[in-house]
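Chains as they are written, first to last, in the UniProt record's numbering: chain A, 1 to 365; chain B, 1 to 121.
The set of hints was computed from the structure by calculation and includes no laboratory data. Treat the hints with care, as some may be off.
Said to hold, decoys possible - Each pair of labels, with its calculated beta carbon distance range: (1) D17(B) / E46(A): 43 to 53 Å; (2) K335(A) / D112(B): 54 to 64 Å; (3) R7(A) / K117(B): 31 to 41 Å; (4) D81(B) / H297(A): 23 to 33 Å.
Said to hold, decoys possible - Here are the simulated DSSO-like cross-link-like pairs (lysine-lysine), alpha carbons at most 27 Å apart as the crow flies: (5) K208(A) / K47(A); (6) K117(B) / K42(A); (7) K48(B) / K347(A); (8) K287(A) / K335(A); (9) K20(A) / K48(B); (10) K25(B) / K20(A).
Predicted model, so just to flag it, every value in this text is computed and none were measured. Note that beta-carbon positions come from the ideal geometry of N, C-alpha and C, so glycine has one too.
What follows is each chain in one-letter form.
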Amino acid sequence: MTDAPKRTPLYDLHVALGGKMVDFAGWEMPVQYPMGIMGEHKQCREKAALFDVSHMGQVILRGDNVGEKLEAICPQAYATLKEGKARYGFFTNEDGGIMDDLIVSNAGDHYFVVVNAALRHQDIPHMKAHLDGVEVTEIFDRALVAVQGPAAENVVGDLCPAAREMKFMETIVADIDGVECRLSRLGYTGEDGYEISIPDADAERITKLFLAHDDCEPAGLGARDSLRLEAGLCLYGNDIDQSTSPIEASLAWAIQKRRKEEGGFPGADRIQKELADGAAKKLVGIKPSGRAPARQHVEIQCAEGNTIGEITSGCFGPTVGGPVAMGYVAAPHGKTGEQVKLIIRGKAHDAEIVALPFVTQNYKR
Amino acid sequence: MTTYYSEDHEWITVEGDTATLGITKHAADQLGEVVFVEQQDSGEEFEKGGEIGVIESVKAASEIYAPLDGEITAVNEDLADNPSALNEDPEGAAWIYKIKLSDSAQLEDLMDLDGYKALIG
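Kindly generate the complete structure, drawing on both the sequences and the hints.
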């Protein structure tokens, strides 16, 4: 990868706001602003935070029976996804591993898909190769902004009253200050909020309108990571990858009943077997009892001192007020309340397996 | 009392053969909000370049390296309960160790304030 990092339409705004820019998946993105990760995290939990997620891939799928065709590469029930609804899902490979996670929306005359920034180069050809008769178009001329937090309804609703009427996982096209935007009531922080797709030319102006609200402040990738971890949401590349199955990743909830029973998606053999018999390892929440954060790759041992797994994501959780982590453990050790040891820089630290999420999710269902 | 600076962004204030060691304001600003400090115990001996502690911010862990040879004579226990002091007053109240120097001549390898300012630009 020798290409210069790419910039979103909001790059100049990030710099003007004092954003500390870092390379992320080939994009120059703000990791934090002068408020700091801790302040931005709290802002999102208590009021509203705005994230630039324009680096993620926005894809339009047009054709007949797109939802049905998606079922050939995803274990989700997209054929029965109602118009105006969005659904979390993932592509699986032939071994039952997760190729990427994504959000699919039924936008009426097309389907709208958002995929991870780092994997758009894999996902677009994958969809083109497997969605017969479907026109797969990646959008390069729209920004994507997430407004998240208990005040998000007011921040977005003041500019776009229709937003107030939306429920969790609904998507609409609506006017914001004369610009046609796509609003989806979802996000990846555990809070209520919206992801808003805005034409590049208007992205900075509309973003500034959101930020002009007293309750809305910009937040960077640092806060986004601690927020999603407290919310118990997987990050692709950390917590899930080509080798982990959705059942191991505790994502069985994201596979609808019909698909679990019928199969017919890549890796269905393994996934159905693990649904029936359980997987050998599972992704769990882990709460270190001390103050030392347990980062990715920290070894997890059982009380007797045998290795039972590894941390996949870990940081200080500002809302929890202490370290939080997720990781895989051998299934017999995955019960809530199990006492484990984390080997941080050679020293054993006490920790406990806990139920996810670490904070209550505040979605408007 | 003279203050010296290392390329790893520590400061040491020396009085005779004892000294106080901490991290610079510049380092603290780069780390972001500190949430945990792992310190060694009083009595531990160390060599120049050795790891003598870890500072964890919300996002990442950063090692503290010994700027010279010595022995820890006191540990700032307040940092265990109040790690954010390292952001608020890193060159004052949030000192990390008191140390006994093994070889004062090693101080010559460190920078003065002007040298350090030039390093961090």
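_Hint consistency between K208(A) and K47(A) [alpha-carbon to alpha-carbon, up to 27 Å]_ = Roughly 17 Å separates the two Cα atoms, so the pair holds.
Pair hint outcome, K20(A) versus K48(B) [Cα-Cα no greater than 27 Å]: Cα-Cα ~32 Å, so violated.
* Asked: Per the hint of 54 to 64 Å, is the separation of the Cβ atoms of K335(A) and D112(B) within bounds?
  -> holds (58 Å)
(Q) Given the hinted pair K117(B) and K42(A), is their Cα-Cα distance within 27 Å? (A) Given that 27 Å is the threshold and the Cα spacing comes to 34 Å, the pair is violated.
Honestly, do R7(A) and K117(B) meet the 31 to 41 Å range at C-beta? holds (32 Å)
* Taking only the CA atoms, is the gap from K48(B) to K347(A) under or equal to 27 Å? -> Holds: K48(B) and K347(A) sit about 23 Å apart, inside 27 Å.
Within a Cα-Cα threshold of 27 Å, do K287(A) and K335(A) meet the stated pairing?
-> Roughly 13 Å separates the two Cα atoms, so the pair holds.
Q: Mind checking the hinted window 23 to 33 Å against the Cβ distance between D81(B) and H297(A)?
A: With a Cβ separation near 28 Å, D81(B) and H297(A) satisfy 23 to 33 Å, so the hint holds.
Distance restraint between K25(B) and K20(A), which requires alpha-carbon spacing of 27 Å or less: Measuring from Cα to Cα gives roughly 17 Å; hence the hint holds.
- Distance restraint hint 43 to 53 Å, applied to the beta-carbon atoms of D17(B) and E46(A): holds (51 Å)
Going down the numbered hints, you'll see the structure goes against 6 and 9, while the others check out.
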